[in-house]
Structures are given as structure tokens and as C-alpha cells.
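Participant: Here the protein sequences line up with chains A and B, keeping their order. Counting from 1, one number per residue, gives the positions in the first sequence under our numbering. Counting from 1001, one number per residue, gives the positions in the second sequence under our numbering.
Source of the hints: derived by calculation from the structure; they are not laboratory data. Careful, some of the hints might be misleading.
Said to hold, decoys possible - Have a look at the derived ranges for each label pair, beta carbon to beta carbon: (1) R1018/B / S52/A: 38 to 46 angstroms; (2) N1051/B / E15/A: 41 to 49 angstroms; (3) G1052/B / A29/A: 24 to 32 angstroms.
Ideal placement from N, C-alpha and C gives every residue a C-beta, glycine not left out.
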Amino acid sequence: AQSVTQPDIHITVSEGASLELRCNYSYGATPYLFWYVQSPGQGLQLLLKYFSGDTLVQGIKGFEAEFKRSQSSFNLRKPSVHWSDAAEYFCAVGDGGSQGNLIFGKGTKLSVKP
Amino acid sequence: DSGVTQTPKHLITATGQRVTLRCSPRSGDLSVYWYQQSLDQGLQFLIQYYNGEERAKGNILERFSAQQFPDLHSELNLSSLELGDSALYFCASGRGGGNQPQHFGDGTRLSIL
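Next comes chain A alone, as it looks inside the complex (with noise of 0.2 angstroms):
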């Protein structure tokens, strides 16, 4: 069955370092990846999303993720991180097909030091 994997359940970064979210997944065919992010009391919002092609893909607000196939990983990049990244961010796949419904990471709880 499919799953995602976020390691590490809460993340402490100072503003304007750089940031990595890790994701890992288990899919038997090319996956459909997925970043979003919930700041709180609010739904979640896409960041990016990879479905072929070029396996470093650009999405929202400066974040860029990375698609490894060896290693079956979709880590979450941002070069510099601002106050406002603060928020919880959950990697997700695509059950494919015509269906589509998303298989969601326990999330990762960022907090930004000023």
C-alpha cells in the first residue's frame, strides 16, 4: 500500500537560514507528489507539485522540492526562511488512476527563530 514518511515531526530554523523538509514514499509506480502547507486554523494550501519530467520543480512562496527516485524521497527546499514559513507542512501522493485521492505524511511543524 502506499504511504508517506516525514521524519522528523518538528523542525527549529532561524530566519534566513536554509530549510529542507524530508518526505519519503512508498508507491509502486511513478508517484504523483505533493507539498502543501497549514498555517494555523486554515485549510491547506498547495505549494508545489511534481508529476514527470524535471525532478527539481519550483512552487510557491520560494520553496522548491526535489524528486529522487533511488531514493524514493520528495524533500521540501527553501534557501532562505522567513517568520512567516511558520506552519506545519505535510507531504502527500496521488493514489493515481482516475481516482486520485491523496495519501498524506504526519506532517512537519516548523518553527522560525528570529
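We have chain A; now place chain B onto it with these hints.
Facilitator: For chain B alone, kept in the frame of chain A given last:
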């Protein structure tokens, strides 16, 4: 603004009761997905409708049901509520395929007393 509207934002009710959560998808989206977010289970897929028909089922309890109406809005019905049903319920909409992103509403927070 994702374009997905969920009402109500908050619901407080008692055990044994029944509630209905409503979702209006983004304009042009035919698919509606329901997810439950709780502290212990995380984000779990419940059910998907596509253009009025049920397309996929996830970890949805028998006490829960959903439907999608001709105008594409959807309702999630939760009955015989238990304390453990307290959670944030999200609706998402999309074009329907596995390679299509989903756009989430702000959720309905359900509290069972």
C-alpha cells in the same frame, strides 16, 4: 482563497447526534474529496465523489455518509456521533484525476461534548 467553501466553520454537539457538513467546490471542479484530520490519525481520506457519483472510499465509518448534488456541492453526514469523531473535516476539490492537484477548504471543526 482556494475557492472551496466549507460551512459551518465550527460545530459543537453531543454524543449520539447527527450533523451535516457542507462543501462547495471551486468553479469547474467536478471532484470533491473529504478528509478527516485528527491529532492521532493525521489527515485521512474519507471519500471521493466525481460529478455526482461515488468514486473512491477510504477510511470512512459506516456511520458516515456523503453525497454530491447536481450543482456539485457535497455534504458529509455524520451520525451517532462519538467523542472520537471530534476532528477537523476538510473538503477538497479537483479535476478528478490522480495527477490533478486538490484545493482545500478551511475545514469544519467538529467538537463532540
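Participant: Tell me the numbers of any earlier hints that the structure contravenes, in ascending order.
Facilitator: none
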